[in-house]
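Starting from the known structure of chain A, arrange chains R and Y on it as the hints suggest.
Residue numbers (this note's numbering), protein chains in the order written: chain A, 75 to 349; chain R, -1 to 335; chain Y, 65 to 307.
Rather than coming from a laboratory, the hints here were simulated on the basis of the structure.
Glycine is no exception: its CB is placed at the ideal position from the N, C-alpha and C atoms.
Just so you know, not all the hints are guaranteed correct.
SDA-like, lysine to any residue: derived pairs with alpha carbons at most 20 Å apart [unchecked claim]:
1) R:Lys104 / R:Asn140
2) Y:Lys300 / R:Glu97
3) R:Lys56 / A:Glu253
4) Y:Lys300 / R:Gly290
5) A:Lys160 / Y:Pro269
6) A:Lys92 / A:Gly114
7) Y:Lys300 / R:Pro182
8) R:Lys169 / R:Glu293
9) Y:Lys255 / A:Glu253
10) Y:Lys124 / R:Glu97
11) Y:Lys267 / A:Arg159
12) A:Lys121 / A:Ser76
13) Y:Lys92 / R:Gly81
14) A:Lys289 / Y:Asp271
15) R:Lys104 / Y:Gln128
16) A:Lys133 / A:Val170
17) Y:Lys304 / R:Leu185
18) A:Lys317 / Y:Ile160
19) R:Lys101 / R:Glu135
20) A:Lys160 / A:Asp190
21) R:Lys143 / R:Pro123
22) R:Lys104 / Y:Ser127
23) R:Lys48 / A:Lys121
24) Y:Lys255 / Y:Glu274
25) Y:Lys255 / A:Arg159
26) R:Lys56 / A:Glu263
27) R:Lys56 / Y:Asn139
28) A:Lys160 / Y:Asn243
29) A:Lys317 / A:Lys79
30) Y:Lys172 / A:Thr251
31) A:Lys289 / Y:Pro269
32) Y:Lys164 / Y:Ser186
With the C-beta cut set under 10 Å, the calculated list includes, among others, these residues of chain A facing chain Y [what the hints assert, rightly or not]:
33) Arg152
34) Glu155
35) Lys160
36) Asn162
37) Ser172
38) Lys175
39) Ile252
40) Met281
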Amino acid sequence: MSYHKEFIKNGERLNGRKLSELRVPEVDIGQNGELTISAGDTKIFIKISSEISKPYDDKPNEGILIINNDIDNDILSRIVEKSIRKSNALDLESLVISTGKICWIIKIDLNILNFDGNLIDYCILGIMINLLLYKLPNYDIVDNSIKLYNLDEKAPISLSILHIPICFTISFYNPSTIEMNLKSDEVFEISLFDADKQEEDLRDSYMVITLNSNKEIIQLSKLGGIPINSVEVLKLCEICYDKAKEMTQWIKDVVKKEEEKTSDRVKMLAAVDQR
Amino acid sequence: MEVADIISISKPSKFEDVDSDIEMSDGEEPRDNGIVTPGELVTDDPVWMKGHGTYFLKDNTYSSVAGNVSRVNRLLSVIPLRGKYQPETGDHVVGRITEVGNKRWKVDIGAKQDAVLMLGSVNLPGGVLRRKSESDELQMRNFLKEGDLLNAEVQTVFNNGSASLHTRSLKYGKLRNGIFLTVPSSLVIKSKNHSHDLPGDVSVILGVNGFVWLNKTNKSTSNSVVNNKLQSTIDSKGNYDPGKGSVSITRLEEESSWEIYSDKNDKISATVRDNITRYYNVIKALSHGELGITEQRINLGYQASLQFGNIGKLIEIESMENICQDIITNERMRGSM
Amino acid sequence: MPRLELYSPEGLRIDGRRWNELRRFECKINTHPNSSDGSSYVEQGNSKVICTVQGPMEPKLRSQMNHDEANIEVNISIANFATFQRKKRSKNERRIVELKNTLENTVKQCIITTLYPRTLISINIQVLSQDGGLLSSMTNAMTLSLIDAGISMYDYVSSISVGLFDQFPLLDLNTLEENELSYLTVGVIGKSDKLVMLMLENKVPLDKLEELISLAIAGSHRLRDLMDNEVKRHGKLRLKNLN
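Pulled out of the complex, with its shape left as it was, chain A reads as follows (with noise of 0.2 Å):
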């Protein structure tokens, strides 16, 4: 093992990356709320299903979001609800049909299928354009109870999304002795970007930032593990705000691509339908 840190020590790694080069995901959507995200070998499934129900007796203005992990990871799951949930990514306000008496319950299942580094990141980059996509059938509401419509019936309503966080997950390795990174000035510790699965064994720590493109940090973990200079994770977060501009802008394509790709299959129906 040591001389694949000998190679990341001199900036190299073995998967040709250089050091702050991303994988390039590819997106597999299914069906609406189906999508699939693989970037090299790690491979995540994500379902979004939607309900309706009540609303939480403390917040009868708000919808509910559910996050699911089939996998007990603690980390995983507390970094997506940070991101997700506590930025208020997805505006659940807009999912209230009723104050206090209906409102929608989306359910986001994670499913890891393959797992070869990075699991944080790619999670809510699938969730965020899940989200994106994901539509909610139309409704109108008679007498005391709610109608709801196929998708294909009445136009289908896009959830409200605020904003779009986009995560990093750094790995960072020491590549000399504790005492050194402890007590000499010059920093030394090397930082690379999405860790594959040998990479993340290797690892002396890690850090999670999660950011979007208003500039906005919303969430940053560094919880122990070696010491990083103050200077050093000042000049990540820039390096990955620049990163997170172009994700967003990669993330909105995606999306677009999408969309028409559908509205062009809606007007073929309709085609159809006329003859």
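Below, chains R and Y alone, put in the same frame as chain A:
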């Protein structure tokens, strides 16, 4: 943003005599009677050898514990103010069995790791010349089981700091007829003899590890060959006399019966119980007052405690301090401080 | 309900402090000499935390034994009466597990674990009163009790929280401020600028991050000095008693 001038505290710090420490910067060497704390630079002179309690980077030596600096010859070390008992070869310790394992017992002696007591290091009933057999391995619990107390001597200390014990002498072995207590290991001063007979038919074993055993004096293995009380006080002061205290082979044969591993306690009279309790509280008082524990001080403390008719009153902090004061005054008067 | 004036135009906070003032910090070490190998008690404002350390000692389970280094275990218990409203907390609550993992990973960096192979160091933290700065008071108490136990450490870890009110960074938040503002908690090694811990759970503009971190580091350095003073004072007292 200037770091130095933006931080303040809303209330002034209470202790004015630490002003000198606040001024101390990283580059100075602390005075020899000063305390160094973890991360503090002790010296940047490369000539020193780095001992315990320090770590280094290039020429700089930093302290890793809170304690005082010790500069002996060319060895620089920091002695921590508090620490766990460190076993050394020859220490007489009291321990408790925690585990019965493959041809060995694990013994808790209050160190960083449990000590090991090999089956071959104990006296097996039936005489010193008896050989270990297969069935012994399977019957280890009949000798010593989890929870038993014993006193032993540290035979060796391994590289990783754990100790190996032995009880190959009649003065060592399973303990009975008494009560167990702990004191900080730093208060037990190492001496030639750690088992003492105290007036009132009580004996005490002061383990170097801070584990102490107070029991009713066992007439047959009392700490002097001659049952003369005066003689025994002189002997236990540690005067070396070759041959004294050793027993003949025939005595060994008698005593290496199954009795040495018996769990049965003798009947102890109320007066002896009272005495044991009084000694217990006296030792606790010495521990509270952070005085080194010696046989002499225990005796002085016992005398001082007699003013309290109710033994239970001795557990109060006032009484404990009273006793410690008496002991110190007494020692000063005797001129043996 | 109108928002409490967390930061008045004159620059005063609700408890009368200025933006760069720490709350009253009191600490004691060796508070539980009979029941632990090292102990400490920390008060940061109204937050009160007790920490005790057992070890290095024989691990309770074979599985906990690591042949190269010490194994470190942190247990956190927050009293039911610690917050304004009585609340029963389960040990497996997500937040508590996250804090426990954070503290374990933080303290592993500072203890010279290779000196104590095959042992267990068990750290128990009891929170008596919580008024903001939970993670930071726990970290500070933990550092002090480890020093009291005589366990070899590379350096202090001091920790403080910093919040953002509009454009103004505020040092050392209490509960009222934490509920309203975005804040981050840092853990700093000794007198350096190196961060072993950085936790930010709310939205903060990226441009403000530098200001917040430098204020937090300065606050942590000040706390480290206060803790160091107490350790030295206690040490001198002990030496005097023993002689």
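Tested hints:
1. A C-alpha spacing of about 15 Å is found between Lys104 of chain R and Asn140 of chain R, which places the hinted pair at or below 20 Å, so the restraint holds.
2. The straight-line distance between the Cα atoms of Lys300 of chain Y and Glu97 of chain R is roughly 40 Å, outside the 20 Å bound, and the hint therefore fails.
3. Restraint check for Lys56 of chain R and Glu253 of chain A: satisfied, since their Cα atoms lie roughly 10 Å apart, inside the 20 Å limit.
4. A distance of roughly 19 Å separates the Cα atoms of Lys300 of chain Y and Gly290 of chain R; the hinted pair therefore holds under the 20 Å criterion.
5. At roughly 16 Å between alpha-carbon atoms, Lys160 of chain A and Pro269 of chain Y fall within 20 Å of each other, so this suggested pair holds.
6. Restraint check: the Cα-Cα separation between Lys92 of chain A and Gly114 of chain A comes to about 15 Å, which is no more than 20 Å; the hinted pair holds.
7. A hinted pair counts as satisfied when its Cα atoms are at most 20 Å apart, and Lys300 of chain Y with Pro182 of chain R qualifies at roughly 19 Å.
8. Taken as a hint, the Lys169 of chain R and Glu293 of chain R pair is honoured in the structure, with Cα atoms around 18 Å apart against an allowance of 20 Å.
9. Restraint check for Lys255 of chain Y and Glu253 of chain A: satisfied, since their Cα atoms lie roughly 14 Å apart, inside the 20 Å limit.
10. In summary, the hint linking Lys124 of chain Y to Glu97 of chain R is supported, as the alpha carbons are separated by about 11 Å, within the 20 Å threshold.
11. With a CA separation close to 12 Å, the supplied pair Lys267 of chain Y and Arg159 of chain A stays within the 20 Å bound.
12. Taking the CA atoms of Lys121 of chain A and Ser76 of chain A, the gap is about 40 Å. The hint is violated against a cut of 20 Å.
13. Among the hinted pairs, Lys92 of chain Y with Gly81 of chain R is consistent with the structure: their alpha-carbon atoms are about 18 Å apart, no more than 20 Å.
14. In summary, the hint linking Lys289 of chain A to Asp271 of chain Y is supported, as the alpha carbons are separated by about 8 Å, within the 20 Å threshold.
15. With a C-alpha separation of about 17 Å, the suggested pair Lys104 of chain R and Gln128 of chain Y falls inside the 20 Å cut-off, and the hint holds.
16. With a C-alpha separation of about 10 Å, the suggested pairing of Lys133 of chain A with Val170 of chain A holds against the 20 Å cut-off.
17. With a C-alpha separation of about 15 Å, the suggested pair Lys304 of chain Y and Leu185 of chain R falls inside the 20 Å cut-off, and the hint holds.
18. Among the hinted pairs, Lys317 of chain A with Ile160 of chain Y is inconsistent with the structure: their alpha-carbon atoms are about 33 Å apart, more than 20 Å.
19. The hinted pair formed by Lys101 of chain R and Glu135 of chain R meets the criterion: a straight-line CA distance of about 6 Å does not exceed 20 Å.
20. About 27 Å separates the Cα atoms of Lys160 of chain A and Asp190 of chain A, which puts this hinted pair outside 20 Å; it is violated.
21. For the suggested pair Lys143 of chain R and Pro123 of chain R, the alpha carbons sit about 16 Å apart, so the restraint of at most 20 Å is met.
22. The suggested pairing of Lys104 of chain R with Ser127 of chain Y holds, with an alpha-carbon distance near 17 Å, which does not exceed 20 Å.
23. Taking the CA atoms of Lys48 of chain R and Lys121 of chain A, the gap is about 60 Å. The hint is violated against a cut of 20 Å.
24. For the hint pairing Lys255 of chain Y with Glu274 of chain Y, the CA-to-CA distance comes to about 18 Å; that is within 20 Å, so the pair holds.
25. For the hint pairing Lys255 of chain Y with Arg159 of chain A, the CA-to-CA distance comes to about 37 Å; that exceeds 20 Å, so the pair is violated.
26. Of the supplied pair hints, the one linking Lys56 of chain R and Glu263 of chain A holds, its CA atoms being roughly 18 Å apart against a limit of 20 Å.
27. At roughly 37 Å between alpha-carbon atoms, Lys56 of chain R and Asn139 of chain Y are farther apart than 20 Å, so this suggested pair is violated.
28. The straight-line distance between the Cα atoms of Lys160 of chain A and Asn243 of chain Y is roughly 13 Å, inside the 20 Å bound, and the hint therefore holds.
29. As the CA atoms of Lys317 of chain A and Lys79 of chain A are separated by approximately 25 Å, the hinted pair breaks the 20 Å bound.
30. Restraint check: the Cα-Cα separation between Lys172 of chain Y and Thr251 of chain A comes to about 15 Å, which is no more than 20 Å; the hinted pair holds.
31. Of the supplied pair hints, the one linking Lys289 of chain A and Pro269 of chain Y holds, its CA atoms being roughly 6 Å apart against a limit of 20 Å.
32. Distance check on the hinted pair: Lys164 of chain Y and Ser186 of chain Y sit about 12 Å apart at the alpha-carbon level, within 20 Å; holds.
33. The interface hint given for Arg152 of chain A is met, as the beta carbon of that residue sits about 6 Å from the closest beta carbon of chain Y, less than 10 Å.
34. Because the smallest distance between the Cβ of Glu155 of chain A and any Cβ of chain Y comes to about 8 Å, under 10 Å, the interface hint for this residue holds.
35. With a cut of 10 Å, the hint placing Lys160 of chain A at the interface with chain Y holds, because the nearest CB-to-CB distance is about 7 Å.
36. A least Cβ separation of about 9 Å between Asn162 of chain A and chain Y falls short of the 10 Å threshold, and the interface hint therefore holds.
37. Look at Ser172 of chain A: its Cβ only gets to about 26 Å from chain Y, farther than 10 Å, so that hint breaks.
38. For Lys175 of chain A, the shortest C-beta to C-beta distance to chain Y is roughly 25 Å, which exceeds 10 Å, and the interface hint is violated.
39. Annotation: interface hint on Ile252 of chain A holds; nearest CB of chain Y at approximately 7 Å, less than 10 Å.
40. Taking 10 Å as the C-beta contact cut-off toward chain Y, the hint placing Met281 of chain A at the interface holds, the least distance being around 7 Å.
Checked against the numbered hints above, the structure violates hints 2, 12, 18, 20, 23, 25, 27, 29, 37, 38; every other hint is satisfied.
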